[in-house]
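For the record, the sequence lines run as chains A and B. Mapping of the first sequence onto our numbering: position 200 corresponds to residue 200, and the numbering continues sequentially without gaps. Mapping of the second sequence onto our numbering: position 161 corresponds to residue 161, and the numbering continues sequentially without gaps.
Hint data in this document are derived by calculation from the structure and do not stem from the laboratory. Heads up, some of the hints might be wrong.
[Unchecked claim] Cβ-Cβ distance ranges computed for the label pairs, FRET-style:
# : chain 1 : residue 1 : chain 2 : residue 2 : range
1 : B       : Pro27     : A       : Asp92     : 55 to 61 Å
2 : A       : Gly267    : B       : Ser5      : 55 to 61 Å
3 : B       : Pro185    : A       : Pro255    : 36 to 42 Å
4 : B       : Lys63     : A       : Pro236    : 36 to 42 Å
All values reported here derive from a predicted model rather than from experimental measurement. We put the beta carbon where it would ideally sit given N, CA and C, even for glycine.
Number of protein chains: 2
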Amino acid sequence: MRDFSADHRWLSINTATVRKSRGVEQPLTDIIEACAQRGIKAISPWRDQVAAAGLPAVSRLVKTHGLTLSGYCRGGMFPAVDAAGRQAAHDDNRRAVDEACELNAACLVLVVGGLPGALAGQAAHKDMALSRNQVSDGIAALLDYAIQNNMPLAIEPLHPMYAADRACINTMEQALDICDALDPPRTGKDGKTQQAALGVAVDVYHVWWDPKLQQQIERAGKSRLMAFHVCDWLTPTTDLLNDRGMMGDGVIDIPKIRGWMEGSGFGGYSEVEIFSSSNWCQRDSDEVLDCCIARHRSDV
Amino acid sequence: MRDFSADHRWLSINTATVRKSRGVEQPLTDIIEACAQRGIKAISPWRDQVAAAGLPAVSRLVKTHGLTLSGYCRGGMFPAVDAAGRQAAHDDNRRAVDEACELNAACLVLVVGGLPGALAGQAAHKDMALSRNQVSDGIAALLDYAIQNNMPLAIEPLHPMYAADRACINTMEQALDICDALDPPRTGKDGKTQQAALGVAVDVYHVWWDPKLQQQIERAGKSRLMAFHVCDWLTPTTDLLNDRGMMGDGVIDIPKIRGWMEGSGFGGYSEVEIFSSSNWCQRDSDEVLDCCIARHRSDV
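Looking at chain A on its own, in the form it has when it is part of the complex (with noise of 0.2 Å):
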């Protein structure tokens, strides 16, 4: 296993982390420019903020730094109550593997939806299986695109809390299924099996309470473990969304799930990606970086 504690060229910080610096809105231009400053050799942006810092600035920054995107977050959000719905779900996910390819990410991660609706506090319907069966198909018409750009696609998997609302994809046996059904062959980006088109994305804070996670880890293998996000689980958590904890602070033993990671071929960014409204989202994003860079070496 990788021992992170000399430097931190395996951390990737996902731009969500720092997305607010006591409480306000900060450009990605600014988030990029303090990770470089601090020898920070990747991060994951949000569409969102990459729309309004504009793509082309983003890009040449990007370059300008030599920063790696670990992956971009995000497509997915397949689910919709008519096939109108699924059409522009389809053609967004498209802008966002372009995005993706004009960044260079290491893949684009998928948050596949959930049941129609219910993000806005009203679902449509509460048929799981319907979601489903539009998320895998919804991903397949992704896929040819994604392939025809060599742009891998990564599930990643929700913790269960989330089915309802933003993933009805809820486990790595879950989003494995799925990858062996619409990607045997892990065919991928230079047409051999070294890296599958499709594959997933392992946030320990979605997956870390599952018994078969080693289990699911190992099956995926290298060519299939596309991104490890990391943060904690606080007991108690306060908020279903915004209360994730930093590295170290909470109970998921993240060293050991890097090890299931790294004992199947995994070797690249551990990817920090903490939403918090309450804490530290209201303290200075530098500390919060400094923060992410000595819990990243201390491996907690």
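With chain A's structure known, arrange chain B on it following the hints.
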């Protein structure tokens, strides 16, 4: 599938649902009287409520009204930091079995516990595998006593958001793996295979999201399906513990899950179990009971 519209003979009230009326704690004896007055045939009381009212008084009242206990809440909480702690849990769980026998409960529900200390806000360690092993060992030890006393044990898989602090058994598959390991012949109450000694309590709130739910209900079969708890998942959910919804107010397709249960031979009570600090416990408990009856009969 049974038609619930004509009466509510298959409704059970978990007494946590009406623990408070207009925010004020109610004695269990009052709750039992209120249920009996409405022709409710079954309840599932919590140990602390029984203790406060006195076990003999509760036992008499249950018999007077001819009530059935669809379950008794609860045993479990097996993991601890040392042998003394595990022994204390074991001793307490034997008392729970005794109480369940006195009340002639259909089963003792097990909420198995998570990481020791996590419920109080400070986990003693992060080793979920250790806790899970302690749970298996604890159930194995209790099972001998439960079989001697003809009291079935029902493992309740809890939603993964409770993995750290309340229960490290989080899916039906995981619970049933333990059942099959510890009670392979499905021996039980009457020495036959009709009723296993060890099974599961299926609470829709905890398992509704699981893509393998139908498959695992079928795997469990009649002999291991010991209880069926209902309430609803709200969008948004504002509190991890105390924001359960009344049936019909959320996104869970309860009739579909009940259909799977009955298709596998379950013919027991639909037990309403709602924890809510923000809504239902501020209402008059008579109103809550009437609503439970109405929603049960409309089968939402």
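Verification of the supplied hints:
1. Pro27/B <-> Asp92/A: 55 to 61 Å: holds (57 Å)
2. Gly267/A <-> Ser5/B: 55 to 61 Å: holds (60 Å)
3. Pro185/B <-> Pro255/A: 36 to 42 Å: Holds: the Cβ-Cβ distance is about 41 Å, inside 36 to 42 Å.
4. Lys63/B <-> Pro236/A: 36 to 42 Å: holds (40 Å)
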